[in-house]
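Based on these hints, arrange chains B, C, D and E with the ligands on the given structure of chain A.
Chains as they are written, first to last, in the working numbering: chain A, 1 to 236; chain B, 1 to 236; chain C, 1 to 243; chain D, 1 to 229; chain E, 1 to 229.
Keep in mind that the hints were calculated from the coordinates and are not lab data.
Hints should not be assumed to be uniformly reliable.
To be verified - SDA-like mimics (lysine to any residue), calculated; alpha carbons at most 25 Å apart, straight line:
| hint | chain 1 | residue 1 | chain 2 | residue 2 |
| --- | --- | --- | --- | --- |
| 1 | C | Lys80 | C | Arg216 |
| 2 | C | Lys80 | D | Glu223 |
| 3 | C | Lys80 | C | Leu219 |
| 4 | C | Lys111 | C | Leu42 |
| 5 | C | Lys111 | E | His128 |
| 6 | C | Lys80 | D | Leu226 |
| 7 | C | Lys80 | B | Arg70 |
| 8 | C | Lys80 | B | Ser67 |
| 9 | C | Lys80 | B | Ser21 |
Claimed, not checked - Incomplete in silico selection of chain E near chain A, CB under 8 Å:
| hint | residue |
| --- | --- |
| 10 | Leu17 |
| 11 | Ala87 |
| 12 | Arg89 |
| 13 | Thr224 |
All values derive from a computational prediction rather than experimental measurement.
For every residue, glycine included, the Cβ atom is placed at its ideal position computed from N, Cα and C.
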Amino acid sequence: MSTATPIRDQALSVTAASLESVSKIYGAFAALRNVTAAFPAGSSTVILGENGAGKSTLLRTVAGLISPTRGRATAFGDLPLRQRHRIAYMSHSTMLYDELTAMENLSYFATLHRGEGCACVGSPEMALRAVGLDPALPRPVGQYSQGMRQRASLARVLQTDPELLLLDEPFSNLDVSSAGHLVDLLADFRTWPVPGGGRRTLILTTHQASLAEPLADRTLIMRQGQVIDLVTGSHG
Amino acid sequence: MSTATPIRDQALSVTAASLESVSKIYGAFAALRNVTAAFPAGSSTVILGENGAGKSTLLRTVAGLISPTRGRATAFGDLPLRQRHRIAYMSHSTMLYDELTAMENLSYFATLHRGEGCACVGSPEMALRAVGLDPALPRPVGQYSQGMRQRASLARVLQTDPELLLLDEPFSNLDVSSAGHLVDLLADFRTWPVPGGGRRTLILTTHQASLAEPLADRTLIMRQGQVIDLVTGSHG
Amino acid sequence: MARSSTLRNFAWLWLAATVAVLVVGFRQAIFVAPMEETMGNLQRIFYYHLAHAILGLVFPYVNLAASLAFLYWRRRDPLKALSADALAVASAEITVLFVGITLATGMLWGKPAWGIWWTWDARLTTELLLWLLYVSYLLLRRFSPSGQTAVLSAVLAIFAAIDVPIIYMSIHWWRTQHPAPVFGSDGGGIDPAMVPAVLWNLAGWAMWGIFLIAFRFALERRRQLAEQEAALLALEASLETPQ
Amino acid sequence: MRYLSFVLTHLRKDLRLEWRSRDSINGMLFFVLLMVVVFSIAFDPAGYPSTTRQISGGVLWVGLLFASMTALNQSWTREQRNQVLEAQRMAPSPASALFVGKALANMIFVLVVEAVLAPIFVVFFNLHVLGNAWLLAAILPLGTWALVVNGTFFAALGLRARNRELLLPLILLPLSLPAVLMMVQATTGVLTAELDPIYLRSWITQLACYDIIYTTICILLFETVLNAE
Amino acid sequence: MRYLSFVLTHLRKDLRLEWRSRDSINGMLFFVLLMVVVFSIAFDPAGYPSTTRQISGGVLWVGLLFASMTALNQSWTREQRNQVLEAQRMAPSPASALFVGKALANMIFVLVVEAVLAPIFVVFFNLHVLGNAWLLAAILPLGTWALVVNGTFFAALGLRARNRELLLPLILLPLSLPAVLMMVQATTGVLTAELDPIYLRSWITQLACYDIIYTTICILLFETVLNAE
Ligand code: HEM
Ligand SMILES: Nc1ncnc2c1ncn2[C@@H]1O[C@H](COP(=O)(O)OP(=O)(O)OP(=O)(O)O)[C@@H](O)[C@H]1O
Ligand SMILES: Nc1ncnc2c1ncn2[C@@H]1O[C@H](COP(=O)(O)OP(=O)(O)OP(=O)(O)O)[C@@H](O)[C@H]1O
Ligand SMILES: [Mg+2]
Ligand SMILES: [Mg+2]
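Bound conformation, chain A alone (with noise of 0.2 Å):
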């Protein structure tokens, strides 16, 4: 693991993930097909498209979660779940347990992330701060409002500090002001700097795509399980 260092530090250009004719089969039913993709290090993709077009499949696909019925799947070279310590995932729904406080759960998780060549674990109550929710709120997370669980979700990822962050309609439930405020968490983040040299990437969902512009070097549209658009400027 160490060993890798000096390559990422020379190589900044190299991709974070990247799929290559990957397709995605349920039953009868192509969720993706023949995705090719390659998302560069350093880099903020939008994936936009209508429902059921496949971003969430696309993302659970580089998370490492979906394995591809055909193709091939890579984050940082590897298998996506072999570097799963540099990777974070937000989905649709929570990801945490309804009984525990936001506190509780984040601890948790985090403790999970400690060591394993990933030292560089932020704290749960800065997290849970940067996300505008109080640390030391004792209701547990089955007794928030949507937006509130969806900040507390995004603050799980957060705290991870990772390499390589993947959300799912993040801004989603939440109000104007907070989703501004998120962008701006986000826009902050990618300069954040990564302890082994590298650059933070980042790939998102959204239907509110006028929110996510000032994240979107690159934008990729779908349709029906294929990518049929990459427009790639800065700040469209």
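Below, chains B, C, D and E with the ligands alone, put in the same frame as chain A:
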């Protein structure tokens, strides 16, 4: 029920739902504080507010799913649950069985609504088509994408042809074109004739105020469990 | 204010009367009543045992009545419903207490009388079931979500009250192959000299039970009021936060 | 009848859900089978046929009691998952129809388990029914219904409680012990043929009465429980 | 050791969840008491004291089986609820630590039940342990661990399989039968003192071997199972 028709006919300005100094207290936390609001029949109200402001709690109180700690909530001048055949409520979660297909789910709920004073139930197929889902889709709802779930959930409430429609963030997770389509659908919905006379009332919460603007006869703004502003004005 | 002080005076009077009756009952049971031939002085535990056993069968019905009243008033008059609920808790707890004492005195008696603490006799089993039933009622109250406690437990109270006679009926013929050690329903053969002791104790413990229920009821009412107060305070405090 | 058609709708839905996932039935089967095996290992039925006959009524019902309790706990969680229960509360059909439908569905599951279990039970325990075996055809359904109707009701009652899984046995067991007693006695009576037919009949009649009384109360009170808040 | 600290983290989380959801030991105590009452009503220990001793090994294990099934059923569904399992898969800590933590949590739960159950069981069933009672202190934990470790593993295996409930009984039943056989034989042997101590020792040794073998396999294979798709 049939005797009520002439009265309803005359008093079109009657309130479809009202809250009289309603408070809802969870433990030591007040989710609603002394809220008084009336929703005239035929009106369409958009509720705005930041996360955790109490929007969902307000909707659930109007639906009768929560009984207020203090104060009184009525729908059509009665306990909401007693008028439940005239009310439909859509929440953050789908309120559908994951293992059944959308069509199975909808026919099931349609059957539960038949008889009981409202023979006027739309068909599940039509409702699914209206929200842009294919009724013949063999996948169970648990395998839908997030946006498709949202649509199925919408179809469930639309098919029951309610007089008072309560929608909790109907646009979240919908792609842009479907969201626009939904606004048209809801605008259309308001003009559907009610069999016994009377007019359709709509209350919805959202964080995408711009989307909901065409629907907003009245805008209610909440903060920390209170209604802090009520803007009346047709089409903002 | 005046009303509450008369109530308090009345409570003190009642307590004094209860103690007096219990003292008489104690004298009757220990010194006056004749000694039983086969069991000797041990038998005197009977007066306490019987009083508690009988009262333990009566209080469940107080609980039932309160629960029904609660369900009736729930929507119509929430304030009355709250006090009905308080009475329901009070009577359930006292039921558990009295039935528990019956079990304990019975076991204390059974050890010297039969040589064992416990046997699965019909009478003992029914009493144990009765106790379990009301313990489960109290557990439900502890475990149920805060807003629903009263309704759910009122529903359970109805079930429990129906179960009480069923328990007694169904176990009537149970295990006839196994000689029942407790003198059962044919127990008409009490020495007339024992009757005053039985009656005094019964009266005394009944008054004591009623006092306990009233006391517990008052406590529960106070807790309910305090809870409302706290909620109100929370509401007002949060209203004052600048925003 | 409109009410009946609502009940059928609910029943059909529950059966379909179970068919899709087969949660409850398989869980129950596993448990009951394991229990039969444990007892037959523990107890050597071939060695002591008459004792076997005496305990087998108890074994059968304890197994069914515990197995159905696990299944009953499951049966409402499904409704709670996506807050479908709130949709049910908002539906204008009578709440008790939902209850009856679910109780019937659970009844069917447990009956299926019984149907599978019965022959296995006979083989493993080397049973010869000495009494009138046909009476079992009355006792089994009556006893099962007694378990299921109360179980379904109290599973719903504990639905929103903090410790649902634990609460159900806590409430259900004391309440249904008389019924368990009746069915064990009646079953053992039939198996051993040692019980006077008059007593046997009275156990069965009592069981039937128990069923009728509790079914009525459950139906009457279900709406209160569903909307308790 | 790093691995151990991960196991502890998982264990602590599971215990805390358990504590939150069934927060009182009182409930458990009552539960055990009820179980004993049910058994004694179903099996009539007063009537047949020697039979009681013979079946009590089986009764004990059936009770524990039920308790552990309740625990196991819950333990993974909680992880699945908000797809927390995916967060677990993405976490860089070793997957088997999650498994060990959860198995330990389940074990603790069942052991608490056992600790309460044992004395109550003895009093109510009027048992006199005729053999060497201390051996029970070895048999009970070994047998419990055998139930729990396989149960936890297969519950996880079945988690995402389409017909998991069919899978679970089919796999778990034959796998755990030998263990059940060993623990019931050993327990009954101790209670009745009818078994030759040499046999008894060999049952216990076998049980220990079974535990070791299955624990190893489970730990080795867990990561594969968790990421199987
Ligand atoms: C745990 C043990 C016991 C329990 C739960 C128990 C329960 C009861 C109950 C509920 C009654 C009142 C029944 C009625 O009035 O309908 C009763 C009455 C009585 N008990 Fe016990 N009992 C226990 C032990 C004993 C023992 C050990 C003795 C004496 C050897 C005893 C002697 C009596 C007598 C003489 C009566 C009055 C019977 C009559 O007048 O009908 N009990 N017991
Ligand atoms: N486990 C599954 N089994 C079968 N089909 C699936 C499964 N998961 C997803 N699908 C299907 O794959 C398609 C793409 O789903 P996906 O969740 O990727 O869409 P999406 O682009 O994220 O949509 P949305 O914007 O609504 O979230 C959908 O049609 C969905 O029904
Ligand atoms: N069951 C509950 N127990 C305790 N607190 C609760 C419960 N339900 C809601 N709350 C609290 O009440 C407040 C209002 O919640 P509500 O869901 O109404 O917010 P909202 O306006 O819908 O927010 P969002 O836009 O995020 O959905 C939140 O602070 C929430 O944590
Ligand atoms: Mg998606
Ligand atoms: Mg909300």
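task = May I ask which of the numbered hints given earlier this structure violates, with the numbers listed in increasing order?
result = Checked against the structure, the only hint that fails is number 13, while the rest are satisfied.
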